[in-house]
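Could you build all of it, start to finish, from the sequences and the hints given here?
There are 2 protein chains.
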Amino acid sequence: MPPSAPMNRRIVMARRPAGIPAPEDFRLDTQAVPGPADGQVLLRTLYLSLDPYMRGRMSDAASYAKPLEVGDVMLGGTVCRVAESRHPDFAAGDLVLAASGWQDYALSSGKGLTRLPPDLAHPSWSLGVLGMPGFTAYVGLMQIGTPKAGETVAVAAATGAVGSVVGQLARLHGCRVVGIAGGPDKCDHAVRELGFDACVDHRAANLAQRLAAASPNGIDVYFESVGGAVFDAVLPLLNRHARIPLCGLISQYNAVPGVEAPDRLPMLMRLALTKSLRIQGFIVSDWYGPLYREFSRQMSDWIADGRIKYREDVVEGLENAPAAFMGLLQGHNFGKLVVRVAS
Amino acid sequence: MPPSAPMNRRIVMARRPAGIPAPEDFRLDTQAVPGPADGQVLLRTLYLSLDPYMRGRMSDAASYAKPLEVGDVMLGGTVCRVAESRHPDFAAGDLVLAASGWQDYALSSGKGLTRLPPDLAHPSWSLGVLGMPGFTAYVGLMQIGTPKAGETVAVAAATGAVGSVVGQLARLHGCRVVGIAGGPDKCDHAVRELGFDACVDHRAANLAQRLAAASPNGIDVYFESVGGAVFDAVLPLLNRHARIPLCGLISQYNAVPGVEAPDRLPMLMRLALTKSLRIQGFIVSDWYGPLYREFSRQMSDWIADGRIKYREDVVEGLENAPAAFMGLLQGHNFGKLVVRVAS
Numbered sequence: 001m002p003p004s005a006p007m008n009r010r011i012v013m014a015r016r017p018a019g020i021p022a023p024e025d026f027r028l029d030t031q032a033v034p035g036p037a038d039g040q041v042l043l044r045t046l047y048l049s050l051d052p053y054m055r056g057r058m059s060d061a062a063s064y065a066k067p068l069e070v071g072d073v074m075l076g077g078t079v080c081r082v083a084e085s086r087h088p089d090f091a092a093g094d095l096v097l098a099a100s101g102w103q104d105y106a107l108s109s110g111k112g113l114t115r116l117p118p119d120l121a122h123p124s125w126s127l128g129v130l131g132m133p134g135f136t137a138y139v140g141l142m143q144i145g146t147p148k149a150g151e152t153v154a155v156a157a158a159t160g161a162v163g164s165v166v167g168q169l170a171r172l173h174g175c176r177v178v179g180i181a182g183g184p185d186k187c188d189h190a191v192r193e194l195g196f197d198a199c200v201d202h203r204a205a206n207l208a209q210r211l212a213a214a215s216p217n218g219i220d221v222y223f224e225s226v227g228g229a230v231f232d233a234v235l236p237l238l239n240r241h242a243r244i245p246l247c248g249l250i251s252q253y254n255a256v257p258g259v260e261a262p263d264r265l266p267m268l269m270r271l272a273l274t275k276s277l278r279i280q281g282f283i284v285s286d287w288y289g290p291l292y293r294e295f296s297r298q299m300s301d302w303i304a305d306g307r308i309k310y311r312e313d314v315v316e317g318l319e320n321a322p323a324a325f326m327g328l329l330q331g332h333n334f335g336k337l338v339v340r341v342a343s
Numbered sequence: 001m002p003p004s005a006p007m008n009r010r011i012v013m014a015r016r017p018a019g020i021p022a023p024e025d026f027r028l029d030t031q032a033v034p035g036p037a038d039g040q041v042l043l044r045t046l047y048l049s050l051d052p053y054m055r056g057r058m059s060d061a062a063s064y065a066k067p068l069e070v071g072d073v074m075l076g077g078t079v080c081r082v083a084e085s086r087h088p089d090f091a092a093g094d095l096v097l098a099a100s101g102w103q104d105y106a107l108s109s110g111k112g113l114t115r116l117p118p119d120l121a122h123p124s125w126s127l128g129v130l131g132m133p134g135f136t137a138y139v140g141l142m143q144i145g146t147p148k149a150g151e152t153v154a155v156a157a158a159t160g161a162v163g164s165v166v167g168q169l170a171r172l173h174g175c176r177v178v179g180i181a182g183g184p185d186k187c188d189h190a191v192r193e194l195g196f197d198a199c200v201d202h203r204a205a206n207l208a209q210r211l212a213a214a215s216p217n218g219i220d221v222y223f224e225s226v227g228g229a230v231f232d233a234v235l236p237l238l239n240r241h242a243r244i245p246l247c248g249l250i251s252q253y254n255a256v257p258g259v260e261a262p263d264r265l266p267m268l269m270r271l272a273l274t275k276s277l278r279i280q281g282f283i284v285s286d287w288y289g290p291l292y293r294e295f296s297r298q299m300s301d302w303i304a305d306g307r308i309k310y311r312e313d314v315v316e317g318l319e320n321a322p323a324a325f326m327g328l329l330q331g332h333n334f335g336k337l338v339v340r341v342a343s
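Protein chains in written order, with UniProt numbering: chain A, 1 to 343; chain B, 1 to 343.
I should point out that these hints are in silico values taken from the structure, not numbers from a laboratory. Fair warning: this is a prediction, and the values are worked out from it, not measured in the lab. One or more of the hints may lead you astray.
To be verified - Result set (DSBU-like, lysine-lysine): computed pairs, CA atoms no more than 35 Å apart in a straight line: (1) LYS148/B - LYS275/B; (2) LYS275/A - LYS66/B; (3) LYS111/A - LYS309/B; (4) LYS148/B - LYS275/A; (5) LYS111/B - LYS66/B; (6) LYS66/B - LYS148/A; (7) LYS275/A - LYS111/B; (8) LYS111/A - LYS309/A; (9) LYS148/A - LYS148/B; (10) LYS309/B - LYS111/B; (11) LYS309/B - LYS148/A; (12) LYS111/A - LYS275/B; (13) LYS111/A - LYS148/A; (14) LYS309/A - LYS309/B; (15) LYS66/B - LYS66/A; (16) LYS66/A - LYS148/B; (17) LYS309/A - LYS66/B; (18) LYS275/A - LYS275/B; (19) LYS111/B - LYS111/A; (20) LYS309/B - LYS148/B; (21) LYS275/A - LYS111/A; (22) LYS275/A - LYS148/A.
Claimed, not checked - Okay, the calculated beta carbon distance ranges per label pair: (23) GLY228/B - THR146/A: 30 to 38 Å; (24) PRO262/A - ASN320/B: 33 to 41 Å; (25) THR146/A - GLY327/B: 35 to 43 Å; (26) GLU294/A - LEU291/B: 38 to 46 Å; (27) ALA261/B - HIS332/A: 47 to 55 Å; (28) ALA323/A - ALA213/B: 22 to 30 Å.
Ideal placement from N, C-alpha and C gives every residue a C-beta, glycine not left out.
What follows is the structure, given as structure tokens:
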């Protein structure tokens with residue numbers, strides 16, 4: 001193969017992480033760019049989405065989706081340009097939403113590709129506020145959280161891709177919104193830019209007291225994506241008939257199980273009984289269909305109006321994806337984390 | 001007062017129980033029967049319902065209702081005859097559903113009384129299959145459990161006042177029904193009389209394996225009223241999108257908190273996430289209204305048809321209520337427990 005042939009860089013899972021992923025859990029390899037067969041397209045990755053759920057797929061514990069195997073390309077949603085097409089429905093230059101993972105190029109049969117408008121101002125937003133994380137916020141808050149005007153909605157990871165949308169949606173529906181975020185900059189952003197009523201820093205002391213002070217009427221909806229100490233602080237504040245949509249548990253993904261402590265499972269069940277709580281886990285992929293089209297239309301309008309604001313944390317270069325992902329799991333990103341792979 | 005004056009025996013809470021209530025936690029005292037003031041009726045208790053929730057009201061831990069105070073008459077639903085009336089809407093001899101507690105006589109303003117047909121074949125059933133426990137089964141299974149034909153419904157306390165109705169309702173809706181009950185006699189009854197597909201004895205060894213064998217397609221709805229080891233056996237069998245209506249935790253009511261063990265709260269939340277579970281506590285008193293009338297009509301028809309069967313465990317004499325209640329909390333009753341106070 002001549003040295004000038006284009007190469008495909010791929011980041012694969014080199015081993016299963018124990019706890020927080022380490023650099024050695026990833027490996028960048030390089031292959032020749034494959035040519036599309038008849039009926040296939042070759043995709044050039046422009047943007048790669050990094051999301052907490054990916055940590056779950058690196059583990060072989062039972063979950064809602066099959067785990068990655070060692071040696072597999074890391075998975076992920078992408079915005080791609082069709083580089084070469086032998087598929088009747090796509091032409092070179094088309095912009096598409098794909099799930100082609102952590103690599104420069106990928107082949108596709110066209111299945112699962114969603115065409116994007118060619119003149120999209122912010123193609124990467126299709127990976128965030130207008131895509132899976134935004135829809136996760138919409139489904140979890142509106143379908144499961146069912147907030148009523150005047151209620152208090154608390155949301156973890158308040159400036160993240162999901163949490164920032166949850167809080168702004170809850171404000172649009174007339175709720176008091178209390179965010180929980182890591183560090184004063186994120187808390188300032190949640191209140192000043194996103195319009196939350198309050199935001200509590202989970203890294204500072206006395207989280208439980210400060211969250212209670214920010215929630216004088218208790219909490220009616222807690223949008224959970226974090227678990228751990230944040231959930232512990234929320235529990236005593238839950239009102240009767242509180243709803244807990246549950247889309248993630250980022251603080252637990254890297255936890256080592258089996259720590260000896262009082263077993264609080266019976267306490268949680270008792271609280272669910274005495275307060276008539278509804279705790280409901282959900283996977284956004286179960287909810288696509290007409291509801292997604294409704295979400296797309298409404299969210300586009302709200303963004304155009306300025307009623308929903310959106311912040312991205314853009315990392316340059318595929319080779320920096322592992323470090324950015326390790327940072328994501330520790331809350332180092334500020335806004336929706338995407339990698340610009342090519343422009 | 002002449003020696004022949006009728007006396008009112010009352011069972012009061014003598015102290016707060018620690019763990020399983022003991023005889024010393026109750027005291028029978030005797031007072032003169034009060035006379036009704038203008039606008040009041042005097043009720044004569046015929047039947048007293050004994051239900052697990054009463055244990056919670058003896059505790060001062062925060063819950064959905066105010067706790068009893070030491071010296072208060074034990075609370076409970078009753079079927080009463082109006083002994084004397086100075087209320088325009090009631091006449092001596094009327095049969096009513098009341099909440100007059102563990103005593104022979106009580107005064108009432110009429111508020112909260114429900115008139116029963118004078119010729120009712122089984123007045124005490126208004127405390128069971130046609131009353132609060134039956135409605136608890138109906139609300140929890142149909143509104144929260146939302147079973148679909150072909151799904152597997154598991155129910156704890158399978159021959160109890162609630163569980164026996166849950167299982168029979170689930171069969172009527174085309175589900176596979178797996179009961180969990182204490183002892184071979186109850187399990188036989190659940191299968192032979194109530195028509196459950198299987199029933200597993202939680203007192204025998206290897207509960208988890210036997211429950212798994214009885215649930216070859218996993219569990220889609222688990223109707224929870226028990227907690228503890230039964231819940232632990234159910235958890236690994238829950239299917240994706242399983243629903244857990246939660247109306248009680250009888251095994252926990254007497255538990256001493258704070259045992260050191262692995263904290264399984266994070267495990268439960270992770271399971272709720274990865275399996276998209278819905279765990280929902282409910283208090284039946286939140287659901288009265290049109291749904292109760294629908295329940296009453298349907299349940300009466302099903303009983304008349306023989307499609308729902310009902311078993312009572314009738315204890316004779318108010319003075320035996322404390323021992324019967326202590327037995328209830330340990331599963332000694334077989335069917336809905338009621339006390340015949342007078343005939």
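To see whether the hints hold, each was checked on the structure:
1. LYS148/B - LYS275/B: holds, 18 Å
2. LYS275/A - LYS66/B: holds, 13 Å
3. LYS111/A - LYS309/B: violated, 54 Å
4. LYS148/B - LYS275/A: holds, 27 Å
5. LYS111/B - LYS66/B: With a Cα-Cα distance of about 19 Å, the restraint between LYS111/B and LYS66/B holds, given a limit of 35 Å.
6. LYS66/B - LYS148/A: holds, 27 Å
7. LYS275/A - LYS111/B: holds, 26 Å
8. LYS111/A - LYS309/A: holds, 32 Å
9. LYS148/A - LYS148/B: Status holds; Cα separation ~29 Å.
10. LYS309/B - LYS111/B: holds, 32 Å
11. LYS309/B - LYS148/A: Violated - the C-alpha atoms of LYS148/A and LYS309/B are around 41 Å apart, more than 35 Å.
12. LYS111/A - LYS275/B: Status holds; Cα separation ~26 Å.
13. LYS111/A - LYS148/A: violated, 39 Å
14. LYS309/A - LYS309/B: Judged against 35 Å, a Cα distance of about 59 Å means the pair is violated.
15. LYS66/B - LYS66/A: violated, 48 Å
16. LYS66/A - LYS148/B: holds, 27 Å
17. LYS309/A - LYS66/B: violated, 45 Å
18. LYS275/A - LYS275/B: holds, 23 Å
19. LYS111/B - LYS111/A: violated, 65 Å
20. LYS309/B - LYS148/B: Roughly 22 Å separates the two Cα atoms, so the pair holds.
21. LYS275/A - LYS111/A: With a Cα-Cα distance of about 46 Å, the restraint between LYS275/A and LYS111/A is violated, given a limit of 35 Å.
22. LYS275/A - LYS148/A: The given pair, whose Cα atoms are some 18 Å apart, holds under the 35 Å limit.
23. GLY228/B - THR146/A: 30 to 38 Å: Holds, at about 31 Å.
24. PRO262/A - ASN320/B: 33 to 41 Å: About 38 Å separates the Cβ atoms of PRO262/A and ASN320/B, which means 33 to 41 Å holds.
25. THR146/A - GLY327/B: 35 to 43 Å: For GLY327/B against THR146/A, whose Cβ atoms are near 41 Å apart, the range 35 to 43 Å holds.
26. GLU294/A - LEU291/B: 38 to 46 Å: violated, 29 Å
27. ALA261/B - HIS332/A: 47 to 55 Å: violated, 34 Å
28. ALA323/A - ALA213/B: 22 to 30 Å: With Cβ atoms ~49 Å apart, the hint is violated.
In terms of the numbered hints stated before, the structure departs from hints 3, 11, 13, 14, 15, 17, 19, 21, 26, 27 and 28, listed from lowest to highest.
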